[in-house]
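Please build the complex by placing chain R on the supplied structure of chain H, with the hints as guidance.
Residue numbers (this note's numbering), protein chains in the order written: chain H, 656 to 820; chain R, 656 to 820.
Bear in mind the hints are in silico, worked out from the structure with no lab data behind them. Yeah, the Cβ is synthetic: ideal placement off N, Cα and C, and Gly gets one too. One thing to keep in mind: the hints can contain errors.
Claimed, not checked - Listed below are several chain R residues computed to face chain H (Cβ distance under 10 Å; list not exhaustive):
no., residue
1, Thr-669
2, Asp-692
3, Leu-693
4, Gly-699
5, Arg-717
6, Pro-725
7, Phe-737
8, Gly-757
9, Thr-763
10, Ala-780
11, Ser-782
Number of protein chains: 2
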Amino acid sequence: MSGRTTVTAEPGTTTIEIIREFDAPRDLVFRAHTEPDLLRQWLGPRRYEMRIDRFEARDGGRYRYRHVDPDSGAKYGFRGVFHGDPSPDLWVQTFEFDGWPGHVSMDTLRLEDRGGQTISRTTSAFSSVEDRDGMISSGMEDGLSEGYERLDELLVRLGPIAARS
Amino acid sequence: MSGRTTVTAEPGTTTIEIIREFDAPRDLVFRAHTEPDLLRQWLGPRRYEMRIDRFEARDGGRYRYRHVDPDSGAKYGFRGVFHGDPSPDLWVQTFEFDGWPGHVSMDTLRLEDRGGQTISRTTSAFSSVEDRDGMISSGMEDGLSEGYERLDELLVRLGPIAARS
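Looking at chain H on its own, in the form it has when it is part of the complex:
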């Protein structure tokens, strides 16, 4: 189960559901989502450098980051706001890609404790089938799987440090 990212997007609906198991405690997985210095080490494809301009993980806080292609110099910017203070039980944020303005989604993340392992459940809710399908066809699934593999690796590196503290 660990290591496989399950993405569900039924035809004609406006949501994407993403389930992933991580071989690490819930608090550690949560930290990797909230601390910019950790987040930049895993979110998105390996070939891009991640630059975080702003990341305020609190009610009304905003985030803004860019994926930068070091070969071409191309930049892909993303931004949104947090609804409520993020916790492992519930994390709600909006999400918008600079390259497709006005097509905003709402992501809900829940982390479940499974005795030292963690199940991550994300739902992206869109306003229309067109918006949802646009996200699917952007290749988000590949970027997501690769990002989660990088998170696996980060969690292995962090494990001994977290156990000592």
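Only chain R this time, still in chain H's reference frame:
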């Protein structure tokens, strides 16, 4: 057309679409959505008093208001955050009812100018069919229609004032 609120919520989907025409210029309809002193005069059922604790209509701004039943003293609280700076072209906010915590939706509002009249298009996007159906069964449709009737009345009162300024 004016005066009728069209609410669409197809079975098994996770969105609600609301269309309403107003016999007033777009800027005036937008002001009635952004200025707390105007908003409190129309949003929600007539029998409730609206108390706005916070209403920051800007990117990352938060809002929080309560509908108070003057007879029973019962209070119904709502809160959310704004994604992006609201404009007549696009207004995005999250929405959560205190009485049903964790069931957050994202509302997208667009106001179309029709030569002195305005068409309002709102889409509420939910993370699940359960969340969407819960909102429908809360009686939101009645409260919405009544609120929009009050907005009609407010726009009539504001019309001559706006024309003079």
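Verify the interface restraint on Gly-757/R: the C-beta must sit less than 10 Å from at least one C-beta of chain H.
Cβ of Gly-757/R sits 6 Å from chain H, so the hint holds.
Against chain H, with CB atoms and a cut of 10 Å, does the hint on Asp-692/R hold up?
Result: violated, 22 Å to nearest chain H Cβ.
Quick check on Gly-699/R please, does its C-beta sit within 10 Å of some C-beta on chain H?
Violated, because the Cβ-Cβ distance from Gly-699/R to chain H comes to roughly 21 Å (cut-off 10 Å).
Should the interface hint for Thr-763/R be scored as holding, given a Cβ-Cβ cut-off of 10 Å against chain H?
This hint holds: Thr-763/R lies near chain H, its Cβ roughly 5 Å from the closest one there, short of 10 Å.
Given Phe-737/R as an interface hint, is its Cβ closer than 10 Å to any Cβ of chain H?
Constraint on Phe-737/R satisfied, holds at 7 Å.
Tell me if Leu-693/R is really an interface residue toward chain H, meaning its C-beta lies closer than 10 Å to one of theirs.
Violated. Min distance 23 Å.
Holds or violated: Thr-669/R as interface residue toward chain H, Cβ cutoff 10 Å?
Interface hint status for Thr-669/R: holds (6 Å vs cutoff 10 Å).
The hint names Arg-717/R as touching chain H; please verify it with the least Cβ-Cβ distance against 10 Å.
4 Å, holds
Is the interface hint satisfied for Ala-780/R? The criterion is a beta-carbon contact with chain H at less than 10 Å.
With Cβ-Cβ at 5 Å, under 10 Å, it holds.
Checking hints one by one. Is Ser-782/R an interface residue toward chain H, by the C-beta closer than 10 Å rule?
For Ser-782/R, the interface hint holds, since the closest Cβ of chain H sits about 4 Å away, which is under 10 Å.
Can the hint on Pro-725/R be confirmed by a CB-to-CB distance to chain H that is less than 10 Å?
29 Å, violated
Hints 2, 3, 4, 6 from the list above are not met by this structure, while the remaining hints are.
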